[in-house]
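Peer 1: First to last, the protein sequences are chains X and A. The numbering of the first sequence is the working numbering, which starts it at 1 and goes up by one. The numbering of the second sequence is the working numbering, which starts it at 1 and goes up by one.
Wrong hints could be hidden among the right ones.
Derived coverage of chain A by chain X (criterion: at least 3 residues anywhere in the stretch with Cβ under 8 Å from a Cβ of chain X; other residues may be distant) [claimed, not checked]:
| # | segment |
| --- | --- |
| 1 | 169 to 183 |
| 2 | 187 to 193 |
| 3 | 258 to 264 |
Here are some, though not all, of the chain X residues that point toward chain A, as calculated from beta-carbon distances under 10 Å [to be verified]:
| # | residue |
| --- | --- |
| 4 | Tyr23 |
| 5 | Gln70 |
| 6 | Arg95 |
The set of hints was computed from the structure by calculation and includes no laboratory data. Backbone N, C-alpha and C define an ideal beta-carbon position, used for all residues, glycine too.
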Amino acid sequence: MHLELRKIESVSILELSGRFDAYEVGPVVEWINQNMEAFTTRLVINLSGVKFVDSTALATLVQGMKRCRQQQGDLHLCCLQQPVRIIFELTRLDRAIDIFATEREAVETFGD
Amino acid sequence: MLNLKIALITTYPPGNGSLNEYGYHFVRFLRQKTGVAEITLLTDDLPEGQSYPTEETPGLVPLQIIPCWKFESWHNPWRILKVIRHLKPDVVLFNIQFASFGSKKIPASLGLLVPMLAKVSGYPTIVLLHNIMETIDLKNAGFNSNPLMEKLTRLFGTIFTRLLLTTDWVALTIPKYVEIVEKKYHTHNVLLAPHGSFEDSPALSLEAELAQPLQIMAFGKFGTYKKVEQLIEAFRLLQSENRPPLELVIAGTNSPNAPGYLEGLQQKCSEEKNIRFTGYVPEEAVARIFGEAAVVVFPYTSTTGSSGVLHQAGEYGKAVVLPRIGDLAEIISEEGYTGEFFEPGDPSALAEAIAKVLDNPERRREIGTQNYIAARGLPIAEVVDWYLLHFQALLELRDQSANGAALPQPSGQPSGQPSGSGITILDFGLGILDCMVAIALNLKSKIKKSKIG
Numbered sequence: 001m002h003l004e005l006r007k008i009e010s011v012s013i014l015e016l017s018g019r020f021d022a023y024e025v026g027p028v029v030e031w032i033n034q035n036m037e038a039f040t041t042r043l044v045i046n047l048s049g050v051k052f053v054d055s056t057a058l059a060t061l062v063q064g065m066k067r068c069r070q071q072q073g074d075l076h077l078c079c080l081q082q083p084v085r086i087i088f089e090l091t092r093l094d095r096a097i098d099i100f101a102t103e104r105e106a107v108e109t110f111g112d
Numbered sequence: 001m002l003n004l005k006i007a008l009i010t011t012y013p014p015g016n017g018s019l020n021e022y023g024y025h026f027v028r029f030l031r032q033k034t035g036v037a038e039i040t041l042l043t044d045d046l047p048e049g050q051s052y053p054t055e056e057t058p059g060l061v062p063l064q065i066i067p068c069w070k071f072e073s074w075h076n077p078w079r080i081l082k083v084i085r086h087l088k089p090d091v092v093l094f095n096i097q098f099a100s101f102g103s104k105k106i107p108a109s110l111g112l113l114v115p116m117l118a119k120v121s122g123y124p125t126i127v128l129l130h131n132i133m134e135t136i137d138l139k140n141a142g143f144n145s146n147p148l149m150e151k152l153t154r155l156f157g158t159i160f161t162r163l164l165l166t167t168d169w170v171a172l173t174i175p176k177y178v179e180i181v182e183k184k185y186h187t188h189n190v191l192l193a194p195h196g197s198f199e200d201s202p203a204l205s206l207e208a209e210l211a212q213p214l215q216i217m218a219f220g221k222f223g224t225y226k227k228v229e230q231l232i233e234a235f236r237l238l239q240s241e242n243r244p245p246l247e248l249v250i251a252g253t254n255s256p257n258a259p260g261y262l263e264g265l266q267q268k269c270s271e272e273k274n275i276r277f278t279g280y281v282p283e284e285a286v287a288r289i290f291g292e293a294a295v296v297v298f299p300y301t302s303t304t305g306s307s308g309v310l311h312q313a314g315e316y317g318k319a320v321v322l323p324r325i326g327d328l329a330e331i332i333s334e335e336g337y338t339g340e341f342f343e344p345g346d347p348s349a350l351a352e353a354i355a356k357v358l359d360n361p362e363r364r365r366e367i368g369t370q371n372y373i374a375a376r377g378l379p380i381a382e383v384v385d386w387y388l389l390h391f392q393a394l395l396e397l398r399d400q401s402a403n404g405a406a407l408p409q410p411s412g413q414p415s416g417q418p419s420g421s422g423i424t425i426l427d428f429g430l431g432i433l434d435c436m437v438a439i440a441l442n443l444k445s446k447i448k449k450s451k452i453g
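Build out the structure end to end from the sequences listed, making use of the hints.
Peer 2: Structural data, given as structure tokens:
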């Protein structure tokens, strides 16, 4: 699992690549624990480089979203590959987390 | 911030109906969630002399338990609905499977009507359905041996699945179930909510802790599709080979559908001192039972859903021996579990599979570790969060509907619409006649929609 962080104004963009599952979820959890709240509550996670997610990865994203929202922020996802999108649709979590086709949309939706 | 009043229809310890363990752990974590104001369990009646726990724990969401239904009773719909109407919860959740309310067709069917009746009464309703009729091997599961009756049962299964699908969401525990239901019933109000592991941070049992004799353990409610005769035969075969002392532990009770099953077997095995029947395993003894086992065996002839026991075995880092049938193999591959497999119906094949694990500590550790990682992957605490998100979405839809806003309909969703589709007429005074009218209206509207669609 590879993580890359960028920032566009007040929005942090975390770009992930590789498998995102129970075996690889550690670095993302660690990043969320270290950075969220203190560092950012407006987060876009770009999943364009992720071909596979499992339920553990989904749980991590839900936890991240909850923490952002508790701090009056939010977590947006973008650029989901088809197999990843299917998992979100299967669990209907696509109705709970805001998902965007492009990173630009995901960032712009935060507004000012 | 949510401030939910949740009514949960479930079995719950010390009741020993199926899914009581799941109900217990689900509630344990639900009580820890912010955004939940009050939980009421609508449980089955306990036998004389038993009672549900009543103590309140500071810091946890208040829990009220109302026994209001009984396995095999014809009165369950009216009793449960009466309580729901009295409570006026924000959401209603059912933790059920097809035989939750009875092993006989009429009480089982009447019980399965309750989710739909709750929905047509105006309560946002989610059904966590642990099995689906399409994957149950009725003959091996002990429900039907007559082919005609089996066909009839399946027909009723299809009808009752359709009725369950009139609720807001039907949550299923494995992806294959979601696919089957979506495809067969042309519906989109099913969702995947994985089983989840019961412990939040279980400790991995170490091989060094295993004492002699090595224990082979089966855990569950036995007598229908979980049968231990062949396991006992396999155990005898294993003992006849040159091996350190072994013990067979049969942990659990009779299935509600098979009263007297274990007692009969226990009598037959009374001379064999290294076969132990534990009877009911209280919650506080579960960790010890799993911790002491060298291998956990699933002596199933069929499965009717995903296995809570498999998740528990994983939580305690145990190697497992499983039949090469339906759902269990599916869970193994989809949730990252592994084990030794055997062909059901052949005690020597079962003995061989157990021996592979028992005689090879390295293999035992390898399987146990992989299962531990799989079980740790998604704790039930996370799954509970997912349900809360779904509740929140349902309530938002209901509020939008109440405010007269256009409903954001999920694509192709036939029944996910919140109350407001003309069916909230039963908010007050839910009599039997009202129920029947509401059901008819609801079905009529579904038929109309499916014709349009």
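Peer 1: With reference to the structure, classify each hint as holding or not holding.
Peer 2: Now the hints, each set against the structure:
With 3 residues having a beta carbon nearer than 8 Å to a beta carbon of chain X, the segment 169 to 183 of chain A meets the requirement of three or more and the stated coverage holds. Figure legend: the segment 187 to 193 of chain A, annotated as covered by chain X; annotation consistent (3 residues with Cβ-Cβ distances under 8 Å, at least 3 required). Only when three residues or more bring their CB closer than 8 Å to a CB of chain X does the claim for the segment 258 to 264 of chain A stand; here the count is 0, and the claim is violated. Given hint, Tyr23(X) at the interface with chain A, holds; its Cβ is 7 Å from that chain's nearest Cβ, closer than 10 Å.
Satisfaction of the interface hint for Gln70(X) is found here, the shortest Cβ-Cβ separation to chain A being roughly 9 Å, below the 10 Å cut-off. Interface restraint check for Arg95(X): the shortest CB-CB distance to chain A comes to about 5 Å, inside 10 Å, so the restraint holds.
Hint 3 alone, counting from the list given before, is not met by this structure.
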